[in-house]
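J.: Sequence:
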Amino acid sequence: MLYPRRAPERQGEELMKITRWQRRAGHKAVIFIGALMACLFCVFPFYYAIISSLRAGQELFTPAYFPNSWHWDNYVVALVDNGIARSLLNSVLVAVVTVGLCLLVSVTAAFALARVPFRGRRVLLFTILCVSMFPQVAVLTGMFELVRFLGLYDSLGALVISYTTFSLPFTVWVLTTFMKSIPVELEEAAIVDGAKTGTIIRRVFAPVLAPALVTTGLLAFIGAWNEFMFALTFIISSDKRTVPVAISMFSGASSYELPWGSIMAASVVVTLPIIVLVLIFQKRIVSGLTSGAIKG
Numbered sequence: 001m002l003y004p005r006r007a008p009e010r011q012g013e014e015l016m017k018i019t020r021w022q023r024r025a026g027h028k029a030v031i032f033i034g035a036l037m038a039c040l041f042c043v044f045p046f047y048y049a050i051i052s053s054l055r056a057g058q059e060l061f062t063p064a065y066f067p068n069s070w071h072w073d074n075y076v077v078a079l080v081d082n083g084i085a086r087s088l089l090n091s092v093l094v095a096v097v098t099v100g101l102c103l104l105v106s107v108t109a110a111f112a113l114a115r116v117p118f119r120g121r122r123v124l125l126f127t128i129l130c131v132s133m134f135p136q137v138a139v140l141t142g143m144f145e146l147v148r149f150l151g152l153y154d155s156l157g158a159l160v161i162s163y164t165t166f167s168l169p170f171t172v173w174v175l176t177t178f179m180k181s182i183p184v185e186l187e188e189a190a191i192v193d194g195a196k197t198g199t200i201i202r203r204v205f206a207p208v209l210a211p212a213l214v215t216t217g218l219l220a221f222i223g224a225w226n227e228f229m230f231a232l233t234f235i236i237s238s239d240k241r242t243v244p245v246a247i248s249m250f251s252g253a254s255s256y257e258l259p260w261g262s263i264m265a266a267s268v269v270v271t272l273p274i275i276v277l278v279l280i281f282q283k284r285i286v287s288g289l290t291s292g293a294i295k296g
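In terms of full-length UniProt numbering, the sequence shown opens at residue 1 and continues consecutively.
Derived by calculation from the structure, the hints in this document are not laboratory data. Yeah, the Cβ is synthetic: ideal placement off N, Cα and C, and Gly gets one too. Wrong hints could be hidden among the right ones.
Derived CB-CB ranges, DEER-like [claimed, not checked]:
(1) 118 with 34: 45 to 51 Å
(2) 45 with 81: 21 to 27 Å
(3) 105 with 133: 15 to 21 Å
(4) 118 with 65: 56 to 62 Å
Please construct the entire structure, taking both the sequences and the accompanying hints into account.
T.: Next up, the structure:
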């Protein structure tokens, strides 16, 4: 015989449901507020740079979050008068060549570390990672002597070598981790079909490594795009400067004046390519980072 459920029991269940819903709502609210604060913390400096780039004269020294008037003269001064357009081309050339060399060397090195058995492989991989822990200033003198020995001083080639040297350790480490996760059966099937090592890397590993290649390539590009110390040390000609150094050389009407409007305008122009690249390859970047976290 079935008895109806008592009212207090139903009230208790409803109260538990309400309590669980309140907990979930509280957790979601905390996560949302934290994410909103993080977004504001990251976006506000760039927003303020945009606002400052559209202000002129004494307006820059008056705190304001919205411009009273729009002044585009700062962008004209930054791009035309200060020659930032030439520096943009130099930065693009150096960053693209750096990414190409870095990925080419990293893929072949990762294949050897992941697939070719030899003594001391783990020690070598650990040593490669340790190299990336050295700060730039610690190896600046050694890099300067190397650049001068190769006859690359005051040339963009000096920057390419320097940036590639610092980007390689992390890229090799990440690609090696990804390559270890690729099933050996794919490589064996390619060998049975008569494929050589170069063909295996291009046709088998490269498509599978696409997310990791995009992620590491973009990080190498950002590193080369924003680097300042080597560019300031190895380049002395004004027509060979990269963007960060060119912006640091901006000068005002007098030696005691800094053209903050032009500096902010140039900073906005320099940041836009990075934002565009991140938005275009956003899914690839997330896929590369999450796959590396799971498989690594």
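J.: For every hint, state whether the structure bears it out.
T.: For each hint, the structure was consulted:
A beta carbon spacing of about 47 Å between residue 118 and residue 34 agrees with the range 45 to 51 Å that was offered as a hint. Checked against the hint of 21 to 27 Å, the pair residue 45 and residue 81 passes, with Cβ atoms roughly 25 Å apart. Taken as a hint, the range 15 to 21 Å holds for the pair residue 105 and residue 133, whose Cβ atoms sit roughly 20 Å apart. Between residue 118 and residue 65, the C-beta spacing of about 60 Å keeps the proposed range 56 to 62 Å intact.
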